[in-house]
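S.K.: Sequence:
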Amino acid sequence: MSKAIEHGINGYTDEEWEVYRKAKTTKEYFAVDRMRDERRRREEEEELKERWPSTEAARLFTQLGETFTACQKLLEQNPAIEAAAKLADGERHDVFTMLRDNLEKANRAPRCEYQKRRAPLSCAEGARAEVLQHAPGDGGGASDEVQPAGAGRCELNPGGA
Numbered sequence: 009m010s011k012a013i014e015h016g017i018n019g020y021t022d023e024e025w026e027v028y029r030k031a032k033t034t035k036e037y038f039a040v041d042r043m044r045d046e047r048r049r050r051e052e053e054e055e056l057k058e059r060w061p062s063t064e065a066a067r068l069f070t071q072l073g074e075t076f077t078a079c080q081k082l083l084e085q086n087p088a089i090e091a092a093a094k095l096a097d098g099e100r101h102d103v104f105t106m107l108r109d110n111l112e113k114a115n116r117a118p119r120c121e122y123q124k125r126r127a128p129l130s131c132a133e134g135a136r137a138e139v140l141q142h143a144p145g146d147g148g149g150a151s152d153e154v155q156p157a158g159a160g161r162c163e164l165n166p167g168g169a
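Read left to right, the sequence shown gives residues 9 to 169 (this note's numbering).
No wet-lab data here; the hints were simulated from the structure.
Any given hint could turn out to be false.
[Stated by the list, open to error] List of simulated lysine-lysine pairs, BS3-like, C-alpha gap at most 30 Å:
id, residue 1, residue 2
1, K30, K11
2, K113, K94
3, K35, K11
4, K32, K11
5, K11, K57
6, K35, K81
7, K94, K81
Generate the whole structure from the sequences, applying the supplied hints.
M.R.: Set out below in structure tokens:
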């Protein structure tokens with residue numbers, strides 16, 4: 009994706025300039041600015057995606073991933089190497105262990121298991137769920153009196169005090 013050609017002090021494209029010229033309210037002018045800013049953001053992201061493979065960061069991330077995978081395979085094939093690596097080069101082994109433990113924690117993290125209910129719960133026609141209100145009694149503790157909501161007046165202090 010090539011960058012759009014911008015004109016003028018505001019940096020609008022031809023299309024954005026046409027929308028700007030037709031704008032009549034401050035809200036419409038701000039909408040054109042948001043349109044321009046969103047276009048610029050998309051262009052910057054696309055440019056980064058195109059540049060990324062040739063960057064030093066991409067090379068290092070690739071190297072890290074390949075090395076980590078190679079270490080995992082080596083430990084699966086020969087578990088005794090882990091103890092030897094810890095003894096001989098504890099600092100680097102600790103980095104590998106930390107990375108592995110964090111990945112395992114992420115894999116064990118709970119995921120949403122339940123689908124969001126899209127249909128309302130079925131109930132008798134014309135019925136509605138019963139909502140109860142609880143009125144506190146003497147001493148600030150809970151009263152034994154529970155009334156349906158909207159059942160008239162709720163006495164907030166039924167024993168009087």
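S.K.: For every hint, state whether the structure bears it out.
M.R.: Here's how the hints hold up against the structure:
Between K30 and K11, the direct Cα distance comes to roughly 24 Å. Compliance with the 30 Å bound is thereby established for this hinted pair. The straight-line distance between the Cα atoms of K113 and K94 is roughly 21 Å, inside the 30 Å bound, and the hint therefore holds. The hinted pair formed by K35 and K11 meets the criterion: a straight-line CA distance of about 26 Å does not exceed 30 Å. A threshold of 30 Å between alpha carbons decides the hint, and for K32 with K11 the separation of about 28 Å falls inside it, so the pair holds.
The hinted pair formed by K11 and K57 meets the criterion: a straight-line CA distance of about 14 Å does not exceed 30 Å. Of the pairs offered as hints, the one joining K35 and K81 is violated, with about 58 Å between alpha carbons and a cut-off of 30 Å exceeded. Distance hint between K94 and K81 is fulfilled; the C-alpha atoms sit about 17 Å from each other, no more than 30 Å.
The structure is inconsistent with hint 6 alone, although it conforms to all the rest.
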